[in-house]
Structure formats: C-alpha cells, structure tokens
Amino acid sequence: MHIFTTRLKVLLKTKANIFWAFIFPLLLGTFFQISFGGLSYDSPPQVIDLYVASESLDDSLFTNEFLKLLEEIEITENENLFIINISFKEDQLINKLDDKTIEGYILIDGNNEKINYHIYQNGINQTIVKSIFDQYLQYYQIIKANSSDPVKLNQILNDLNLQLNLIIDEQINTYSAGNSMVIYFYALIAMVCMYSALWGFNLIKDIQADQSDLAFRVSVAPTKKSKLILIYLLAAFIISFSGNMILLLYLKFILGVDLGNFLLVILVVLLGTIAGMSFGGFIGVAFKGNPDVKEGIMSGVILLLSAMSGLMNQYVKFFINSKVPILGYINPANLITDALYSLYYYSDLSKYYFNILLLSIFSVIMITIVVLKVRREKYDSI
Amino acid sequence: MTVFKLYFKLFFKKIFTILLYLGIFILIILLIMNSSTERVPKFEASKTRVAFYDEDNTELTKGLKQYLEQYADYIEIEDNLLEDAFFYRDIQYIVRVPKGFTDKFLANDPLKIERRLIPDETSGYFIDGKLENYLSLAYTYLNNNLADLNNVSEKIAETASNETNVFFPEGEIKDFRFITIYFNTLGYVIAVLIITITGLVITSFTTFEIRRRNIISKVSNNKFNLSLVSGTIVTSLIFVLLFGFLGFILFKELIFTKVGLLMLLNVLVYTIPIITLSYLISILTKNKMLISGLATVISLGAAFISGAFIPQNLLSQSVLNISKVFPMYFLIENNELLAVTNNFSFSNISSYYINLMIMIGFGILYIVIALIISRRKIKSES
Chain C
1 MHIFTTRLKV LLKTKANIFW AFIFPLLLGT FFQISFGGLS YDSPPQVIDL YVASESLDDS
61 LFTNEFLKLL EEIEITENEN LFIINISFKE DQLINKLDDK TIEGYILIDG NNEKINYHIY
121 QNGINQTIVK SIFDQYLQYY QIIKANSSDP VKLNQILNDL NLQLNLIIDE QINTYSAGNS
181 MVIYFYALIA MVCMYSALWG FNLIKDIQAD QSDLAFRVSV APTKKSKLIL IYLLAAFIIS
241 FSGNMILLLY LKFILGVDLG NFLLVILVVL LGTIAGMSFG GFIGVAFKGN PDVKEGIMSG
301 VILLLSAMSG LMNQYVKFFI NSKVPILGYI NPANLITDAL YSLYYYSDLS KYYFNILLLS
361 IFSVIMITIV VLKVRREKYD SI
Chain G
1 MTVFKLYFKL FFKKIFTILL YLGIFILIIL LIMNSSTERV PKFEASKTRV AFYDEDNTEL
61 TKGLKQYLEQ YADYIEIEDN LLEDAFFYRD IQYIVRVPKG FTDKFLANDP LKIERRLIPD
121 ETSGYFIDGK LENYLSLAYT YLNNNLADLN NVSEKIAETA SNETNVFFPE GEIKDFRFIT
181 IYFNTLGYVI AVLIITITGL VITSFTTFEI RRRNIISKVS NNKFNLSLVS GTIVTSLIFV
241 LLFGFLGFIL FKELIFTKVG LLMLLNVLVY TIPIITLSYL ISILTKNKML ISGLATVISL
301 GAAFISGAFI PQNLLSQSVL NISKVFPMYF LIENNELLAV TNNFSFSNIS SYYINLMIMI
361 GFGILYIVIA LIISRRKIKS ES
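Same order as they appear, the protein sequences are chains C and G. Residue numbering for the first sequence follows the working numbering, starting at 1 and increasing by one per position. Residue numbering for the second sequence follows the working numbering, starting at 1 and increasing by one per position.
No lab work stands behind these hints, which were simulated from the structure alone. Because the structure is a prediction, the values reported are computed rather than measured. Keep in mind that a hint or two might mislead.
Stretch by stretch, here's where chain C covers chain G in the computed footprint (C-beta under 8 Å, at least three residues) [to be verified]:
1) 66-73
2) 159-167
3) 225-234
4) 341-348
5) 355-369
All residues carry an ideal CB built from backbone N, CA and C; glycine is no exception.
Using the sequences and the hints given, assemble the complete structure.
Shown next, in the form of structure tokens:
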C-alpha cells in the first residue's frame, strides 16, 4: 500500500502527466464542441445571386413566366431564394465570370424556349439552381402541350403543384439517420484512450534498468519485481482511466454528446485505456534506444491511428474501411470508434461485441509481448 | 554562429524522429486528400451509391429506377449486409418501394416510398428531389389521362430530356478545390510538425545546467535567442519547401498558376507565426511530452475551429470569430478566397494581403512575448 500511494503521488506530481491525463482531453473536447456545436449541415439553402444577361429580356411567354417564377421562389416567408440582377449585358457577365466575381449567369432564349446556364464550376448552389430550371422547362412543355383546353390545364397545374408527400424516412431499428458528426467525438475518445499509452510507456521506462536511473534503483530494491510492476500498473491505470472517464462525463453531461448505452460506453473506455497502455508498453519494450525517440514514435503512431479512425475527417475512416478493411480491424483507435459508433447506430449489439473482442485481442497480444520481453531482462552490468 | 551550428547538430541528432513525423504527416495528408472526393460536391457527375429495393416491380416503379439511373450507381446487396454497408458508407441512399405502391398511387391514401439517407450529405437530398420530381410528373400524367401505366415512364423520360444547357468557360477548366483542401490541411500539419520538432531541439538548450552555462558565455541573451529562432526558421523553410514539392507532385498543373503560387506564399507567411509560437512554447516549458501535448491540442483545436478539416462555410460565424485568435484562420480564409478568384488585382484581393499582414503581426507578438519571458527567466534563475 505504501508503494502504491507513493507511486500515485509521484505520477500526479508530474506536470506532463496531469496535462495528458486531464487537461488535454478536456481542451480538445471543448474545441470539438465549439466547432461542431455551430455546424449547420441541415440549414436551408442560402440566398443566391442570380445574374440574367439583359439580352434575355424579350416579350415571350417563356421568358416572362420564367422570371416570374424565379421571383416567387421563397426560402422562408418573405425571403426569396434568388436576388435577380438584370443590369448587365452578356459580355460584361462573361468578364465577371472570368474574374470569378460571379458564380454564373443565365441567358434565356425565349424564342427557342431554352435556358443557357453559364458557370465556371459545379457546386451545391449550381445544382439547386439547375434543378429549378429543369423543372420549369419540363412543366412549361407540359403546360404548352395542353394549353388549348383551359379546364384540363387548370387541373394539370393543380396536380403539378400538389405536395404528394410520398417519401418518408425508412422505419428502422438503427439510428443511422442520426448525426454522423458524433464520429468526431468518438474518434476523440479513441485518441485519448490511445494516449494512455504514455502511462504504459513510462511504466516500462521506470522498471527497465537500462532505461532510467529510477529503474536502475528499483531493479536492485528488495521488493519482488512482479509485485512492483502490478502496483505501478494499478496506479497508472487508475489515473489514466480517471482522466478518460472525466472526458466521457464532460462530453455526456456538459457538452451533451449522444453516446448510447452509458455502461457499455464505459466498458469501451475501460478496454480502450487498457489497449492504449499495453500499446505504450509494447513501444517501450519493442524498440531499443533513447526513450525520447521512442516517445516520438509513439505519439506519431497514435496520431496516425487516430487520423485513420476518422479524427480529422470522417471520410478517411470510410475510405480505409472500404479500400483496406483489414487496417480498420487491427487499428485499436478505429475499433474504439467503431464500438462507440455501433452503440449509437445499431439496436443489436453484435457489431459492438465484435469490436470489443478485437480490441481485447489487440491488448492481449500487446501485453503478452511486454510480459515475455520484461521477464527475460537480466543485467550483469549497465 | 556557434549556437546556430549547434542547433543543426542537435537537429540531425533527432533526424530519425523528425523523418518519422514527416512521413506520418505526409501519410495523413494523402489519406485526407484521397478521401476528400466525397466532400467536394459535384454537379451530378458524381453519382450517389444507391440500394434500390423494388417490391412492386411495375412499369411505373421500373421507370423510376431507370429515371434515377443518371444520378445513381445502383449497388446490389443482400439485405443482411445492408446495415454494414450503410454504416461504412458503401451505400449512401436506400430506397424501398413497397408492394402495391402502383395500385394505390392515385388513391386518396397512397403507400409511401421509404428512403434513408446520410443526414449531412447533399447528394441524398438531391436524389430526394429527383424522386419527388418523377412522382409528381407521373401523378400529373396519370391523373389527367396524358399517359397510362404502360407508357408513363417513357413520357416522363421524354419530358425530362428538356434540360438546362450548362456551359463552362472555354479552354481548360482548372478545379482548385482539391489544392485548397491540401493547403488547408497544411495549416494543421505545419503547426503540429514545427511546434513538436522545435520543442524537441530547443528543450536541449533549456535544461538548467546548460542554461547556466550559456548565461555566463559571451553570447548575449538576445543573440542567443535569435540564433535559435534562425535555426528554427531554416529548418521550417525546409519543411515548407518539402510540402511545396509534395504539392507540385500532387497538383502539377495547378501549383504554378497564380492561385497555386499565392497559396504557397500564404503558407510560407503562415509559417512565421508558427515558428515564433513554437519558440514561445519551448521557452515556457522544458518538458518534451508537455510540448508534444500542447502541439497536438493547439494545432488540432485550431484546425477544427478554423476550418482546416471542415469547410469554413459550414462553421457558424461565432465559431469563426473565436478562431480568429489563431493565425490558421487567416491562412484558410486566404486559401478559400484564392480558390474562387481569377482577378488578382490588388483591389480585388486586398483582404489576402491584409491577412498576410495579420499573420506576420501574430509572429511578432509571439516573439516579443517569448523574449520578455526569456529575459525574466534569466533574472529569476540567476
């Protein structure tokens, strides 16, 4: 017990330890929330500036009805989708388009009933605009073909404008219609779990006699090495796990991130912390040489694993999962992210358990290597 | 010169770690670039991956499938694999046409088509629009006896062939969206890389004994600091050149355009505040692991709220206002501006030059703070 409390004190007195265990996760969680809290993927389309070449303006029904339609489309009550500008001639608009000061312009050909849409690049706005134009062209043809019979035409116009509401969200057990932004938070939890590697790494540094002065002292102490390792391990695990749990509580209760069944989430973080620590231990024993270099390797690899699990861009994760799925299965950060995401996404737990199983296998392999390596270490002299 | 030379001696001593970091970040950049095809919205050209389940199988519903074909890549998949495929985004849109749909289509209480989409992808909503368009036309045709069930899909296809003519500027169209993503990602990579590596080298100078030795040497504190900053400048320049070269490999045709070169200048200027910031951090703490943690938090946090990973136009104005405390915001704002500019007169892109000045201002601010702290530290240590 004495060794345990001393060790706990030693660990908690190190500035870098406190930073990594407690401050680092909370800071990043806050940054993520600031960023995603204001995200507005579902926001209605914004007002679009529409330039109509002044040559377009003729007396044809096609042109007049088209311009009337454009003026009528609203995003919300009293807010029109288009701000229409008809004060420029086509050659002026061509120059503007060349300078990219406008996104596009239209030239209406009333005689041939055509709309020519000039743009320099495809994008969301252009897609929306073209869809509206296409619909007008189609409806215009139908109306024109039936204009001789006013009663029928009236009925057709009614039908075309009718809101059919024939599409509904699929009734499913999964929660896939949810917000995929949660992946970023899950990847953050995964990264923080993986950074528990620091604790595993420091543990090895403090017990391998050739790695630090402290370890040299410890290795000649009368306490049994296995007992010492166990105590050190427990102290490190408690701090690391507490840090990760604080992040989890912060995300759930203060930032309000949707996490799914909380007990199962805690299990992921528990196993994730173990996976991280064992990975750190592995780096500690697998490479010989300067601890600084090893720390560098570890941080770099963790960042890469986190990037691959979707930390910086969720599409990286999907890209890897579809191109080289095996990389997803051996990447502990990805397994943590997937376990959390599957809790959020699926109603049944098979995918969750599958990820948990792979994560446990990862830890067992790492721990086995560490134990085998550490047991063999004997020094005649250092 | 002695200090300057020593800086490089230490730099090369850490070359293995440095190269490893460099390799990892290049890999992260390539992963982000490769998976970004999903993120850049395209004009119908990129098709949505759709799973289409037609349980009704009539002329009307077969016609619907055909109609959507120009916007969708149909993926045949067994029902039990569907959830996983959607989970991993191999499928982006699921449609289920229920049995008896056609029979009840014109009735007062029609059956509904179920669909599932990924909430934050525009492609899904685009398919929604096309689906509604088809059903609306079909309803109008059938309800007004303009077609019957056997030829309604043909009629719709005929109507739908009335499309807006889209024109792009003559000559080669250059798409700057990917190079923009590249330079935005560099904002993150350069920050984390330079802060970490500078920390790695400079902390060797800040150990207590070495500092004491340096204080009594002939070299003045300012000169000493200047030499270290110069060392950092040279190594950082090497990194920027390397990334410029990588940019050249990735975007051969774009990098030597005005946009490409201005983006390169932009990132070069951005490196100034990053160098001085990294120097400031190295002075604040001697602990390498703490520096590595700060590097991760600052660069990742700034990257998320400044729009390096998520486009700035999706972030709310309040988030962007917060992110203005980081030079990265101005780097990204400049990149986004250049991507949609073709008129490079001073008046048209004056905000680009203002942003460069702001970044330099950040650089000066950090170094002034660093020099003040450095001087205070000497006083307290002596």
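To see whether the hints hold, each was checked on the structure:
1. Given a C-beta distance limit of less than 8 Å, the hint that chain C covers the stretch 66-73 of chain G is violated, as 0 residues qualify and 3 are needed.
2. Residues of the stretch 159-167 of chain G lying with their CB closer than 8 Å to a CB of chain C number 8, which satisfies the three-residue condition for coverage.
3. Counting residues of the stretch 225-234 of chain G whose C-beta sits closer than 8 Å to any C-beta of chain C gives 0, which falls short of three, so the coverage hint is violated.
4. For the stretch 341-348 of chain G, the assignment as covered by chain C holds, since 4 residues bring a beta-carbon within under 8 Å of that chain's beta-carbons and 3 suffice.
5. Taking a C-beta to C-beta cut-off of 8 Å, the stretch 355-369 of chain G contributes 0 residues in contact with chain C, too few for the three needed, and the coverage statement is violated.
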